[in-house]
Amino acid sequence: MSNRRLLWPALALVALLLLNLVFTPSFFALRLQDGHLFGSLVDILRNGAPTLLIALGMTLVIATRGIDLSVGAVAAIAGAVACTHIADGGGPVTAMALALVLCAVLGLWNGFLVSVVGIQPIIATLVLMTAGRGIAMLLTEGQIVTIDDDVYRQVGAGFLVLPIAILISLAVLGGVALATRRTALGMLVESVGVNPEASRLAGVRARTIIWTVYVFVALCAGVAGLMISSNVSAADANNAGLWIELDAILAVVIGGTSLAGGRYSLTGTLLGAVIIQTLTTTVYTIGVPPEVTLVFKAVVVIIVCLLQAPRVAPALRRAPAPPKAEQEVEEVAVR
Amino acid sequence: MTVIAPPRVPSRFLPVIATFVVFVLTFGAGSVRYEGFASGQIVANLFIDNAFLIVLAVGMTFVILTGGIDLSVGAVVALSTMIAAAALRAGWPAWLTMLAVLATGSVLGLGMGLMIHKLRVQPFIATLAGMFLARGLCFVISVESVSIKDPAFRAIATESIPLGDVSITYSVVVALLVVAFAAYVLHLTRFGRTVYAVGGNESSATLMGLAAGRVKVGVYVISGFCSALAGLLFSFYMLSGYGLHAVGMELDVIAAVVVGGTLLSGGVGYVVGSVVGVLVLGTVQTIISFEGTLSSWWTKIVIGVLLLAFIALQRLIVHRQRDLQGLSRD
Chain U
0 MSNRRLLWPA LALVALLLLN LVFTPSFFAL RLQDGHLFGS LVDILRNGAP TLLIALGMTL
60 VIATRGIDLS VGAVAAIAGA VACTHIADGG GPVTAMALAL VLCAVLGLWN GFLVSVVGIQ
120 PIIATLVLMT AGRGIAMLLT EGQIVTIDDD VYRQVGAGFL VLPIAILISL AVLGGVALAT
180 RRTALGMLVE SVGVNPEASR LAGVRARTII WTVYVFVALC AGVAGLMISS NVSAADANNA
240 GLWIELDAIL AVVIGGTSLA GGRYSLTGTL LGAVIIQTLT TTVYTIGVPP EVTLVFKAVV
300 VIIVCLLQAP RVAPALRRAP APPKAEQEVE EVAVR
Chain F
0 MTVIAPPRVP SRFLPVIATF VVFVLTFGAG SVRYEGFASG QIVANLFIDN AFLIVLAVGM
60 TFVILTGGID LSVGAVVALS TMIAAAALRA GWPAWLTMLA VLATGSVLGL GMGLMIHKLR
120 VQPFIATLAG MFLARGLCFV ISVESVSIKD PAFRAIATES IPLGDVSITY SVVVALLVVA
180 FAAYVLHLTR FGRTVYAVGG NESSATLMGL AAGRVKVGVY VISGFCSALA GLLFSFYMLS
240 GYGLHAVGME LDVIAAVVVG GTLLSGGVGY VVGSVVGVLV LGTVQTIISF EGTLSSWWTK
300 IVIGVLLLAF IALQRLIVHR QRDLQGLSRD
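Which chain is which? The protein sequence lines are U and F, in order. By numbering that gives the first Met the number 0, the letter at position 45 of the first sequence is numbered 44, and the numbering carries on one by one without gaps. By numbering that gives the first Met the number 0, the letter at position 205 of the second sequence is numbered 204, and the numbering carries on one by one without gaps.
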């Protein structure tokens with residue numbers, strides 16, 4: 000069942016990669032130089048690492064029937080805190096620790112609004128999404144803070160054969176997979192997403208679980224923010240992580256996790272994040288102006304949604320004839 | 000839904016009244032603090048500078064009342080300015096350009112509405128796709144900013160209408176007409192009542208035989224149309240078309256609607272509230288520009304705090320209503 004849900008995203012990824020091969024025959028070439036692995040595929044993974052990391056946290060949040068719009072702003076705050084601390088003469092390790100602690104506090108705040116006060120997740124996190132960039136600007140005093148620190152640069156731009164950013168994201172993916180699939184945690188998260196009240200009555204600590212996933216996604220966003228700012232050795236409060244929340248949500252949805260909560264797929268999210276980054280890279284290699292990437296993203300979202308829809312549709316509505324829906328899908332897909 | 004009107008102010012009006020009080024308080028604070036703040040022209044400027052936001056907030060109110068959300072409005076505004084600028088540059092007459100812009104916005108809205116209703120795609124995702132599409136199309140037309148030089152278009156944009164001491168622009172007139180028409184549709188037509196019914200409980204609305212599907216698609220068409228109209232007003236304001244216009248405007252609009260007392264779960268809210276919500280945000284911006292030393296990012300923080308305050312207020316009201324209902328049943 001889970002494999003069938005991942006069929007379409009996987010096919011889309013293969014199609015994108017093959018398209019690249021047609022335009023750039025050397026697309027799959029990998030070479031080892033100075034102990035670093037180079038190649039287009041490595042680039043895709045490296046640039047996609049922050050999105051993947053946030054998407055992992057987002058998967059768990061969405062599985063509890065929530066959403067976190069504030070991750071981009073949190074990423075910007077993390078970069079701003081770390082860079083201003085280093086610029087003021089602090090060490091890189093304390094800078095990163097400070098940034099992550101602040102992110103955890105922001106996550107606690109979001110989780111408090113959602114799980115204790117009971118505000119709709121989309122609105123509760125909208126508050127921080129709006130105010131967060133203002134806070135980041137406040138920290139950097141509206142300037143782009145540039146720094147020069149070799150240790151800090153490793154997070155986003157360093158290599159251990161593979162780029163360190165990829166290794167961090169994959170390690171988190173492995174950790175989350177172990178923690179949620181080898182213990183009952185994943186099932187509890189899903190049960191909260193399906194019905195929080197019933198889960199609570201069944202003895203699941205719904206409130207604690209919801210609170211935890213918001214802290215986790217904020218931490219993911221914090222690390223992603225460190226990657227983004229470390230990659231360019233600067234903190235840009237306005238543009239760091241701009242729209243990354245949308246990319247992350249998109250990755251989760253492309254991966255087959257429903258925004259209505261419940262069952263989630265970490266493999267799907269990995270696929271989704273890689274598809275989005277491959278799409279961006281493909282547009283570059285084909286030679287289309289990078290701004291037009293958005294049109295392609297829209298087309299991919301629409302196609303993936305439509306492909307998943309006919310499977311969902313008959314279950315949701317009983318009366319209307321399903322063939323009609325399929326006909327529409329084909330029409331749009333052909334266009 | 001009581002047949003006999005309660006003697007006190009019904010609690011459903013409380014959020015709108017609270018918003019109005021906040022507006023009066025912020026404006027009062029500004030008047031006390033700055034000389035020349037409490038002038039008619041400052042009030043008129045609030046409307047002139049935020050005419051496009053008012054129109055957007057009206058469209059968004061319809062969508063949110065049905066329990067949906069429209070993330071595409073900022074991008075559709077940008078696309079509208081781009082189409083207007085490009086069409087005028089190609090020598091189209093002003094009226095044809097405006098028609099084309101309004102038609103494009105409505106068609107985009109229709110597309111998103113059909114995706115949401117027919118294919119059961121979540122509003123968040125469908126309008127996100129619409130947002131990407133509209134922004135991307137801007138850059139397909141032109142990556143650069145295109146200025147508007149058409150004399151007729153510029154005349155409409157800069158013409159001011161004197162009203163005693165103050166003067167307003169045609170944009171304000173358009174925005175107020177939209178608000179009046181929207182209030183009429185919401186409260187005095189079958190369509191409007193169905194909007195509230197669908198937002199209250201979609202299954203019940205469908206079982207009652209209301210045209211829930213048509214209304215759900217309809218509100219996105221309205222929002223698309225309003226976005227395109229706001230895009231025209233915005234191009235009057237900026238006199239250029241650019242793919243990076245109105246970035247993040249959807250957040251301002253959603254914030255204004257929420258501050259205006261509309262519940263995001265649907266079914267509760269008024270367009271008038273959204274208009275006052277826009278005015279509150281506008282006043283905050285005016286105060287920050289009057290202060291001079293405060294940087295623009297304070298606007299974002301203040302809007303965030305206001306959002307939080309109003310959400311907390313709404314929670315309180317909803318809780319109290321539930322308590323009251325519980326008591327009356329006992």
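Simulated from the structure, these hints should not be mistaken for lab results. Being a predicted model, the structure only gives us computed values, none of them experimental. Treat the hints with care, as some may be off.
As the list claims (entries may be wrong) - Lysine to any residue pairs mimicking SDA-like chemistry, simulated, CA-CA at most 20 Å apart: (1) F:K117 - U:V298; (2) F:K117 - U:L258; (3) F:K117 - U:V299; (4) F:K117 - F:S105; (5) F:K117 - U:V291; (6) F:K117 - U:I302; (7) F:K117 - U:S257; (8) F:K117 - U:S232.
Structure-based check of all given hints:
no. : hint            : in the structure
1   : F:K117 - U:V298 : holds, 18 Å
2   : F:K117 - U:L258 : holds, 17 Å
3   : F:K117 - U:V299 : holds, 19 Å
4   : F:K117 - F:S105 : holds, 17 Å
5   : F:K117 - U:V291 : violated, 28 Å
6   : F:K117 - U:I302 : holds, 15 Å
7   : F:K117 - U:S257 : holds, 17 Å
8   : F:K117 - U:S232 : violated, 47 Å
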